[in-house]
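Peer 1: Grab the two chains, each in its own frame, and use the hints to assemble them into the complex.
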Amino acid sequence: DAGVTQSPTHLIKTRGQHVTLRCSPISGHKSVSWYQQVLGQGPQFIFQYYEKEERGRGNFPDRFSARQFPNYSSELNVNALLLGDSALYLCASSPPGQGYNEQFFGPGTRLTVL
Amino acid sequence: GQSLEQPSEVTAVEGAIVQINCTYQTSGFYGLSWYQQHDGGAPTFLSYNALDGLEETGRFSSFLSRSDSYGYLLLQELQMKDSASYFCAVRDRKGRRALTFGSGTRLQVQP
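Taken in order, these protein sequences are the chains called A and B. Counting in our numbering, the first sequence runs from 1 upward without gaps. Counting in our numbering, the second sequence runs from 1001 upward without gaps.
Chain B with its partners taken away, still in its complex shape (with noise of 0.2 Å):
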């Protein structure tokens, strides 16, 4: 069967930096992203990454790295709009456009 693990709480400051890591375990492997989901909105796209190695965009930073099934989202200099959850998702179908999605990890910034 399809999982991912990820942490369901991370506590940090403003202005930290924090890691919130995700391992998996798919029959297939066509990517690992990630969103963003405040309470009530919609879960939005932030990174993804086909490849081994990290993608940065900003303030957010993915890593991936496929022989260990273990990717992560590195946030830095947190503001408190940050506080969200956040999703790891794997597409784990050739053409086809569903992703398996992780329990979430809870953020919460403190001032």
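Looking at chain A on its own, in the form it has when it is part of the complex (with noise of 0.2 Å):
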């Protein structure tokens, strides 16, 4: 079975710009959560959305938004980019009614704010 898929896998925008991610989650899976890992941390969290809705956000800033689709894949939006929004954007997905916190992660998209 396929993992967790993520595109693009890099990106490199300038201060300002807008972004897309794209995550498409393991089949059967209905629950997409993102993080960011900035070089040398763990994994922080931003969003997590479960059959559509949203069902936790993180501390992070309203410039960051996400939606998930009813094909369960989801996309997370950062607009106004800064510096520090370079990062790895990590989906994860886990299925339903278990695995609470067993989270599939797929590969990342590298983000480079210049």
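Simulated from the structure, these hints should not be mistaken for lab results. Treat the hints with caution; some may be incorrect.
Simulated pairs of lysine to aspartate or glutamate, EDC-like, Cα-Cα distance not exceeding 16 Å [what the hints assert, rightly or not]:
id, chain 1, residue 1, chain 2, residue 2
1, B, K1094, A, E54
2, A, K30, A, E54
3, A, K30, A, E53
4, A, K30, A, D62
5, B, K1094, A, E102
Peer 2: Next up, the structure:
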């Protein structure tokens, strides 16, 4: 079975621009979470979506937004990019009814803001 | 606020046993997990403890003491491929699948 997929793998943007990152969960997984991982740090929770509804939001500014589609794929949008947004953005999915602590991570999108 | 403390680096030799400790301070507690991440790779799930005690999964074991807000990951029979970063993570909200991660412990296995 295919794992979590993310696109693009790498992205270079300039300050002030907007970016959209995409994630497809493992088939059958209805929950998608987004994390930001700065080099040398652990992943930091941004959003969780389940059945197209936002179920949790981390401590990130309103420039960050996300949504989940009927096929459970998800997009993370970041507006007005700052240099500090440069990071690895990870998407994770987990199966319904279980796996609250076991999440399956995608390979991530490496975002560089210049 | 939420905080998880773990050592930044650990070095061990092939075949040895290493323990990576994690102490946490969170507003709620619904389980302690451990993830492995190789350089350039995605975090992968290793183990999970919701209750006190030891959980064993092959060469990896994880321990939890909720009264001490403390857990550890034990890696036995170390192999070179175990060189990676290891993160403890806490789920602090019931019904929510968000994890709060520590800063990670970089394990270097030497021959």
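Peer 1: The structure should be examined with respect to each hint, and the outcome stated for every one.
Peer 2: For each hint, the structure was consulted:
Restraint check for K1094 of chain B and E54 of chain A: satisfied, since their Cα atoms lie roughly 15 Å apart, inside the 16 Å limit. About 12 Å separates the Cα atoms of K30 of chain A and E54 of chain A, which keeps this hinted pair within 16 Å; it holds. Distance check on the hinted pair: K30 of chain A and E53 of chain A sit about 11 Å apart at the alpha-carbon level, within 16 Å; holds. Straight-line distance between C-alpha atoms of K30 of chain A and D62 of chain A comes to about 24 Å, which puts the hinted pair past the 16 Å bound.
With a C-alpha separation of about 14 Å, the suggested pair K1094 of chain B and E102 of chain A falls inside the 16 Å cut-off, and the hint holds.
In the structure shown, a violation is registered for the earlier hint numbered 4 alone.
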